[in-house]
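Student: Residue-level listing of the chains:
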Amino acid sequence: MDLQNAWNVARKDFKIYRRKPSVIYATVAMPLIVGVVFPLIVDYSMSRGAKSLTAAAAPGLMDSFSIWFIIAAAIIPTAIASYSLVGEKIQRSLEPMLATPMSDGDILLGKTLSALLLPLGALYTGSVSFMVLLDTFTHGLLGYNYYPNWHIAAILFAAPFAALLSVEVNVIISARMTDVRSAQQSGALLMLPFVGVFLASELGFFELNDTNLVILAGVLAAVSVAMFFVAKAAFQREEILTRWK
Amino acid sequence: MIDTENLTKNFGNVRAVDSVTLHVDGGEVFGFLGPNGAGKTTTVRMLACLVGKSSGSARIGEYEIANKEDQPKIRRMIGLLTENVGLYEELSAYDNLDFYGRFYKLAEQKRRERIEYLLKLLELWDKRDVAAGTFSKGMKQKLAIARALIHDPEVLFLDEPTANLDPEASKTVRDFIVELKKEKRTIFLNTHLLDEAERVCDRVAILKTRLISIGSPQELRHSLSGRRVKVQLQHVDDSMVAAVKKMGYQLGEVTANSIVVSLKDPENENPAILRSIQSAGGRVVFVTEVGPSLEDVYLKLVRGE
Ligand SMILES: Nc1ncnc2c1ncn2[C@@H]1O[C@H](COP(=O)(O)OP(=O)(O)OP(=O)(O)O)[C@@H](O)[C@H]1O
Ligand SMILES: [Mg+2]
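Top to bottom, those sequences are chains A and B. In case it helps, the working numbering puts the first sequence at residues -18 to 226. In case it helps, the working numbering puts the second sequence at residues 57 to 361.
Calculated directly from the structure, the hints in this document are not laboratory data. Using N, Cα and C, we set each Cβ at its ideal position, and we do this for glycine too. Any given hint could be a false lead.
[To be verified] Using C-beta positions, here's what the derived DEER-type ranges look like:
1) Thr192/A with Thr190/B: 52 to 58 Å
2) Glu235/B with Leu170/A: 50 to 56 Å
3) Arg(-8)/A with Ala219/B: 30 to 36 Å
4) Phe210/A with Pro91/B: 37 to 43 Å
Please model the entire structure based on the sequences and the hints provided.
Tutor: Now the structure itself:
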């Protein structure tokens, strides 16, 4: 693998995204909701008189909101990854790129970086805002700063693996799709298992405590490594040119 | 520079290219001519190491297309103008070239000079900062050619460089290919336009899954039916026709004032023919060589398969 080549591919993609506001919106919308709107909801629920959020209930609410960083990590790269691969396919720009000396792996790595970096940047920025706002809002109620803590640390550790998994699934899906929208829709299905885990924990089937979150991160890491090989198999020069329709 | 031996490609049950054996010299402009679906693109893709061969072998320079270690070296020494331009429409002309230049590890300064040189050569320098998506087809094609040349490759593959272009844009591109020829680059030109092949190529191969024929445009033309000479006369009468026939020549079309004679070697045979026509009372106005055009040869070969 040649990092310079991979970075060149990613850099080129960033230049293109700059001219595609829809890609930017799709990337920042969810981190903005989780990082700003969720804290505002918490703030609002503390000011409802008798029905106000209690100091005992606040941590649970904040923890379940913060899980959304993982769900968002699984969803957001879909917009970019499918755009960047199906987009190249539609523009027929993969063949000239494949005719350069760089390897298939360089291209795949570049595409992965370009689909990963913006969403992760947005997510981590959102998480800072999430922590700062919630600490500001709940300090009075709790008497201490809830964040940072191990719970969110585990979540932010798991998020990149969820995002990586999402990119890989998108590479595999994009190989078989010819329009961006259906690729995005299929890619978005990846969020279902994450939402499932979230709902199961909300319904009390199990608790998403720090230990379980670390296990989740471990599972995600293992699955994303396995998927890397599947994605790499789908991303072969000859396959791309002759079977990617 | 390019050598293939029984190069073959199957897609499932479809044989796209069948046992192609050819040799292209360094510095030669080689035309690869064939109808739609003949296997031109597939051949070029095999030579550019983009798709694997099914059997046979091929070499570019001293590198073997099937050898994993040679493949990046081959890609470094070739430039490929793909069938579809495949430019990044959102990026400027300059950025499109810069993106490709980086894969060949051209140093910053060198890359900048090369891009400027190519864009100026192709008269796109004024548009360097304009998004390629706004370009006309001809401009896009020129930009794609510049992309294929960014690393100054020894071997250039052009897959139908004038397809979909209007006559004027075609001419610009064709003139440019003729320019490139002066740089002693090996050029492998896919085309289904005979006229184009004839104008720019040193040698031509006709492909229809299998190689049907190979040679210079002239050789191909002559190989088929020998040559033909049209003798224009003030008027034609039977005695003149009889005189030529008596010499053993086959006659083509005979009109009130012209006779077409089939022959092998006009340079040496014409004087005798003219003498016999004159002695039969014919007054020669002028003598020209007529077809068959390369098109006749091509159609005959392609249909004759
Ligand atoms: N990926 C593929 N899968 C199956 N068959 C293919 C594939 N690519 C090409 N073919 C078949 O191989 C044959 C040769 O195709 P190719 O594109 O090489 O022809 P061509 O000479 O470039 O034609 P054109 O002038 O239309 O560009 C055709 O019959 C085509 O249908
Ligand atoms: Mg073709």
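Student: Does the Cβ-Cβ separation between Phe210/A and Pro91/B fall within 37 to 43 Å?
Tutor: 42 Å, holds
Student: So the hint says 50 to 56 Å: do the beta-carbon atoms of Glu235/B and Leu170/A match that?
Tutor: 53 Å, holds
Student: Quick check: does the Cβ-Cβ distance between Arg(-8)/A and Ala219/B fall within 30 to 36 Å?
Tutor: Once the Cβ atoms are compared, 31 Å apart, the range 30 to 36 Å for Ala219/B and Arg(-8)/A holds.
Student: Just tell me: holds or violated, for the beta carbon distance of Thr192/A and Thr190/B against 52 to 58 Å?
Tutor: Cβ of Thr192/A to Cβ of Thr190/B: about 56 Å, so the range 52 to 58 Å holds.
Consistency with the previously given hints is maintained throughout, with no hint failing.
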